[in-house]
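In order, the protein sequences belong to chains C and X.
Residues 21 to 305, numbered by my numbering, are exactly what the first sequence covers, in order.
Residues 1042 to 1350, numbered by my numbering, are exactly what the second sequence covers, in order.
What the hints contain is simulated information worked out from the structure, not anything from laboratory work.
Any given hint could turn out to be false.
Claimed, not checked - Computed cross-link-like contacts, EDC-like style, restricted to lysine to aspartate or glutamate with a CA-CA straight-line distance of at most 16 Å:
no.	chain 1	residue 1	chain 2	residue 2
1	C	K96	C	D86
2	C	K92	X	E1158
3	C	K152	X	D1143
4	C	K112	X	E1056
5	C	K146	X	E1056
6	C	K140	C	E187
7	C	K92	C	D75
8	C	K152	C	D181
9	C	K112	X	E1053
As the list claims (entries may be wrong) - Which bits of chain X does chain C cover? Going by a derived footprint, with three or more residues having C-beta under 8 Å, they are:
no.	segment
10	1045-1051
11	1151-1160
All values derive from a computational prediction rather than experimental measurement.
Every residue, glycine too, gets a C-beta built ideally from N, C-alpha and C.
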Amino acid sequence: MTSLVTASNVSKRYGDIRAVDNVSFEIEKGKIMGLFGPNGAGKTTLLKAVLGLTDCEGQLSVLGLDPFKQRKALMKNICFIADVAVLPRWIKVSQLLEFMEWTHPNFSRQRAEDLLSRTKVRKDAKVRELSKGMVTQLHLSIITAIDAKLLVLDEPTLGLDIIFRKEFYGNLLSDYFDGERTILITTHQVEEIENLMTDIMFINDGRILLDSSMETLPATYIELTTSGADADTARRLGPIYERDVFGKKVMSFEGVDRERLEGLGEAHTPSVADLFVAKVKGAAA
Amino acid sequence: MMINQLALVRREIWEHRSIWITPAAVATVVTFLAIAMVIMVAAFGEAVNPDIEKIADATVPDSVRRAALAGILLVNTFVFLMAMWFLIVFYCLDALYAERKDRSILFWRSLPITDAETVVSKLLTAFFAIPIATMAAVVVSHLLNLIIMSVWLATAGANPLRFIWSAAPLFDTWAAAFIVLLAVPIWLAPLLGWFLFISAWAKRGPLLRAVLPIAILPILEYIIFKSWNLGGAILARLRLETMPIFDILGFASRFDDDDLHSMMAENISMVSLLDIRAFLTSAEVWAGLLVCGLFCTAAIYVRRYRDDS
Chain C
21 MTSLVTASNV
31 SKRYGDIRAV
41 DNVSFEIEKG
51 KIMGLFGPNG
61 AGKTTLLKAV
71 LGLTDCEGQL
81 SVLGLDPFKQ
91 RKALMKNICF
101 IADVAVLPRW
111 IKVSQLLEFM
121 EWTHPNFSRQ
131 RAEDLLSRTK
141 VRKDAKVREL
151 SKGMVTQLHL
161 SIITAIDAKL
171 LVLDEPTLGL
181 DIIFRKEFYG
191 NLLSDYFDGE
201 RTILITTHQV
211 EEIENLMTDI
221 MFINDGRILL
231 DSSMETLPAT
241 YIELTTSGAD
251 ADTARRLGPI
261 YERDVFGKKV
271 MSFEGVDRER
281 LEGLGEAHTP
291 SVADLFVAKV
301 KGAAA
Chain X
1042 MMINQLALVR
1052 REIWEHRSIW
1062 ITPAAVATVV
1072 TFLAIAMVIM
1082 VAAFGEAVNP
1092 DIEKIADATV
1102 PDSVRRAALA
1112 GILLVNTFVF
1122 LMAMWFLIVF
1132 YCLDALYAER
1142 KDRSILFWRS
1152 LPITDAETVV
1162 SKLLTAFFAI
1172 PIATMAAVVV
1182 SHLLNLIIMS
1192 VWLATAGANP
1202 LRFIWSAAPL
1212 FDTWAAAFIV
1222 LLAVPIWLAP
1232 LLGWFLFISA
1242 WAKRGPLLRA
1252 VLPIAILPIL
1262 EYIIFKSWNL
1272 GGAILARLRL
1282 ETMPIFDILG
1292 FASRFDDDDL
1302 HSMMAENISM
1312 VSLLDIRAFL
1322 TSAEVWAGLL
1332 VCGLFCTAAI
1342 YVRRYRDDS
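With the hints as extra help, turn the sequences into a complete structure.
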């Protein structure tokens, strides 16, 4: 496997605050990596470092380039949607396509027009005349028409209704993702991308709490719903987090044999959202 | 690189529609004024505008008619020059501020375009795109002005081909106008660089932040050192008649001088009254460009390093 992104002891400080604290990870080609963290965890700072929008300490290599120093070369092969609202509001759709065609060596205008023809976005419309959902469709069509190796999405569906959100991820998988391309995505709506991620990373207080493939999660993390004496037995196995649900105890375990837990209650693989809460709260406890 | 710059300057023209709306609006107003002037001259005679009467007078020598026409065209051009001054200043103040205000900077920075290329494209817009757009409006406005006078002459029974179209020094006026329009942003370069820097740096209210230091620093210099060097230098930059290109005419000291007007009237070529050599070899011009370069470098640095997304 080839690593597209390699971070080794990467840190970013804002004054006394360490937004990213000595982080190391790799993202391999063809993966869809979900990056999750509470507000202020350092997600956006990390993404900015990957995109060369901010400098950082440590070694960071993206597509074999130093993202901050070689940003122009990098941007030929990386796309990002930082927010749904960043397309310039004054521009006409046709002007945007023309500008992309002139400035981006890997942009296919034909492909963008094909993708847009499936939407209600008119080419003579200005961005300010489009609904938020349509702006996102436009942005995704443009990004999809770029033959890029890595796509970075930072809260790409924030503020969109459920129909547009579903459609966004549907289009992302069917039109953009082809097994060769790589996606790095952050969102608060974890449930919506749970089934499309191949890898997952949790970050909190600038540190990585979890970096795993989705395939190996069930073998490592188990959630147990139990009560009474079984709960006390289970607790001795060292859950990373425990919560009460309708009078029962729900415990999250890391690296404990499923067989040992199954006799103590109902054992199942936690959802990403529950695992996220367990890791963040467990680390804080 | 070249194609990127062309695309970026086109983007500026799409975004800042004032680049062509302002000259077009000035051309419209000037045309209406020309119509009003002709009507008033027809109604009240030469007291309104002696130049127009001279044009129609078959007894005046061709050189006087030519000078009268040149005078009309120059006054017309002067209005565009003033409008362009404001246009360029406000363009530079907005150029790197608007993209941050609407957050589109995040989109622009997702493309393979460097911060330096972006700032250079703003400079090229101020130095070339705006003067060229203004020049196009000047040409249209001059032609409309002459057409209006032709209609008036024709209705009065005179031959416009003889009195206007073969007499008006159109190409010479246009060449002179274009040279001056191109010289203005070069002369204003240090201020434009400063405005571009402020537009990249100011979190809000770029106009106030750009103007306050220019106003306050000279006053401080006066209070502390009892000297007026900075204030004098800034005021000299703001007044276009001090441009070294006008050295032959000596505009700065004799703006209302009758000799000056007769000199312009008698001269065959207006281009020859422009001291292009003095302008291009002027230490003031080059020092100004250097200051502009420093401020633009700072603007690139701010756009690249400041994390305000």
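How the hints compare with the structure:
no., hint, result
1, C/K96 to C/D86, "holds, 14 Å"
2, C/K92 to X/E1158, "holds, 10 Å"
3, C/K152 to X/D1143, "holds, 15 Å"
4, C/K112 to X/E1056, "holds, 10 Å"
5, C/K146 to X/E1056, "holds, 11 Å"
6, C/K140 to C/E187, "holds, 14 Å"
7, C/K92 to C/D75, "holds, 14 Å"
8, C/K152 to C/D181, "holds, 9 Å"
9, C/K112 to X/E1053, "holds, 13 Å"
10, 1045-1051, "holds (count 5)"
11, 1151-1160, "holds (count 5)"
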